[in-house]
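With chain A's structure known, arrange chain B on it following the hints.
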Amino acid sequence: MSQARLGEEGRRSPAPRARWNRGRFGPPWEAFWYIVPALVVLSAFTLYPVFGNLWLSFYRYTFAGATFLGLAQYGALSRDPVFWLSLGNSLFWVVGTLVAQFAIGYVLAVLIEDHLPVGVQVFRTLFFLPMVITPTVIALVFNALLSPDYGGVYGVWLHVLPGVPFPTIFGNPNVATPAVIAVSVWQSTGFFMLLYVAGLSQIPQETREAAYLDGATTWGLNRYVYIPMLRPTHVTLLLLGTIQALQQFALIYLITDMGPANATQILGTYVFHQGFILNNLGYAAAVSIVLFVLSLVLVLVELKLAGGRFTIGGARVES
Amino acid sequence: MTRRRSWWAFVVLVVGAAVWLVPVIYMVNIALRTQEDAFVPSLLTLHPTWENFRVVLGQPSLPRYFFNSLVIATGTTVFTIAIGASAAYAFARMHVPGGRALFPLLLFQLFVPIAALLIPIAQLLKFLGLVNTYWGLIGPETAIGVPFALIVFRGAMDGFPDELEEAARIDGCTRFAILIRIVFPLVSPATLVVAINQFLYSWNEFFLALIILTRAGLKTLPLAPLVYQGDFVSNVGELFAILTLITIPAVVMYALLQRRFVEGLQGGGIKE
Chain A
0 MSQARLGEEG RRSPAPRARW NRGRFGPPWE AFWYIVPALV VLSAFTLYPV
50 FGNLWLSFYR YTFAGATFLG LAQYGALSRD PVFWLSLGNS LFWVVGTLVA
100 QFAIGYVLAV LIEDHLPVGV QVFRTLFFLP MVITPTVIAL VFNALLSPDY
150 GGVYGVWLHV LPGVPFPTIF GNPNVATPAV IAVSVWQSTG FFMLLYVAGL
200 SQIPQETREA AYLDGATTWG LNRYVYIPML RPTHVTLLLL GTIQALQQFA
250 LIYLITDMGP ANATQILGTY VFHQGFILNN LGYAAAVSIV LFVLSLVLVL
300 VELKLAGGRF TIGGARVES
Chain B
4 MTRRRSWWAF VVLVVGAAVW LVPVIYMVNI ALRTQEDAFV PSLLTLHPTW
54 ENFRVVLGQP SLPRYFFNSL VIATGTTVFT IAIGASAAYA FARMHVPGGR
104 ALFPLLLFQL FVPIAALLIP IAQLLKFLGL VNTYWGLIGP ETAIGVPFAL
154 IVFRGAMDGF PDELEEAARI DGCTRFAILI RIVFPLVSPA TLVVAINQFL
204 YSWNEFFLAL IILTRAGLKT LPLAPLVYQG DFVSNVGELF AILTLITIPA
254 VVMYALLQRR FVEGLQGGGI KE
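Those protein sequences? They're chains A and B, same order as listed. So for the first sequence, our numbering puts the first residue at 0; every next one is plus one. So for the second sequence, our numbering puts the first residue at 4; every next one is plus one.
Errors might be hidden in some of the hints.
[To be verified] According to the in silico footprint, chain B covers these stretches of chain A (three or more CB under 8 Å from chain B):
id : stretch
1  : 65-74
2  : 121-133
3  : 238-252
4  : 286-292
[Said to hold, decoys possible] Chain B is nowhere near these chain A residues, computed Cβ spacing over 12 Å in every case:
id : residue
5  : L53
6  : R78
7  : P80
8  : F91
9  : P172
10 : Y223
11 : T235
12 : N261
Derived by calculation from the structure, the hints in this document are not laboratory data. Values in this document were obtained by computation on a predicted structure and should not be read as measured data. The C-beta atom is built at its ideal place from N, Cα and C for all residues, glycine as well.
Extracted from the complex, chain A is given alone in its bound form (with noise of 0.2 Å):
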């Protein structure tokens, strides 16, 4: 992305290109070949299960045949004091992992890019590691190294506070959702620090030299020219962000198997124990028409909030 594409004003409109391939090479309709496919799999993957979801809620299914029922299943997952705990979950793993994610995502970025005198490479790939690590992996690993009995943390724990009892941390139904929030945001954070990475590298030289020459401080810099100009990534990373919280599973499943008694249970995972370990598959769409409406609805304001741009790899996207 060259300079001219990161500010709003430096934007190329299409309209005055020379568009010789515009309807003038071959017939209109061509140009759908090319994205026959595209729609097919959106159709199949996205498109369909979508409407799937909303008549498979209206029914109960058993072995005997689908009943329909209408707007009950609704009915009752408004009664349904687990699916309010997932919700709820679900809200606080948007936020927790976002608030974590950005502030050291950002600090990591910029420590990086700006400070560091060598090792730049190194230390990207570093942070980095954890996003390309198994989730199965990662559960196991946490699982082992918080154990009450042979834990690693627990050998620490036993040097540096002897005769003080080792907390249950996943088990504890107070702490499993903010620990697991906190391992999903080791494994998450170097995604927001590399595309801060990859955002920094875009602010011109000339920019950094005039702020200080203008007598910036550090804090200076980063509040009032880094911080703007890193916009169209700020929306990337809050819309990608809120999809990765909401759609999170493995590491619910693999570390606190949604427990204990449901304590961890978000609406991502109650549609796989509704549908899947249970087979209520009508409730559990109705769970899945909960999670949509909820992601759009939250994209949409985040959306609506950015001014309606973001950016991934130099494309800018507009709605």
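Leaving out everything else, chain B in the frame of chain A:
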């Protein structure tokens, strides 16, 4: 002095990275322990041994999981690139009737959690007879990857100079030939970003694999520890040797490609 480099930052980051990587170091360390040491509560062992790796590498089923993961991850990466690049080409370089509405629609998947689509996807795959097949995973994973590919490829192709295409057209190239021979090779930084992203996503995908691959011979690496967990209850060292072996290929691949991945994310493409 434009950037305020200091050794303080170095010290902070070294300490930070050391703490950040404790779980990884711990994993490798458990894998290097003797059976007696495995349950000793400590972060590091003083008696490392390769014994666990020797035992685990003799496991006949482990190469099978690697193979399954490789087939699925390679398959979905190829399809994601092909489908994403061709759709992006149409949006960037051709007149798409209704394109203003169609493009956001195609990005829609990016903002829907997979759990919200899971049950109909499972039913559809069952209906198509794709449960317990490679295609059963390649299909939905490709659908999940296409929107990201579409954005990245479009970003690279929007800024592509018209002159190159025009010259090719005068030389008698068809539109498809222009895409394959001229545009696609020139957007390779974007291709690399999509490839790394999609390959890593697929390599580590757990949720769909758990539901769609139930037959032992078809399972992918993320499911492997669950299979072994029962067999190695008494020997954590061997289980962690497997975890380490699963982790190595993705880490090595990423470490080798990370510089170009970051460059690609910065949008290094052909610009006018």
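Against the structure, the hints:
1. 65-74: With 0 residues close enough to chain B, the hint is violated.
2. 121-133: That given contact holds, which follows from 12 residues of the stretch 121-133 of chain A lying within Cβ reach (below 8 Å) of chain B.
3. 238-252: The restraint on the stretch 238-252 of chain A holds, since 8 of its residues have a Cβ under 8 Å from chain B and three suffice.
4. 286-292: holds (count 4)
5. L53: 10 Å, violated
6. R78: For R78 (chain A), whose nearest Cβ neighbour in chain B is about 22 Å away, the distance exceeds 12 Å, so it holds.
7. P80: 20 Å, holds
8. F91: 15 Å, holds
9. P172: 22 Å, holds
10. Y223: 16 Å, holds
11. T235: 10 Å, violated
12. N261: 16 Å, holds
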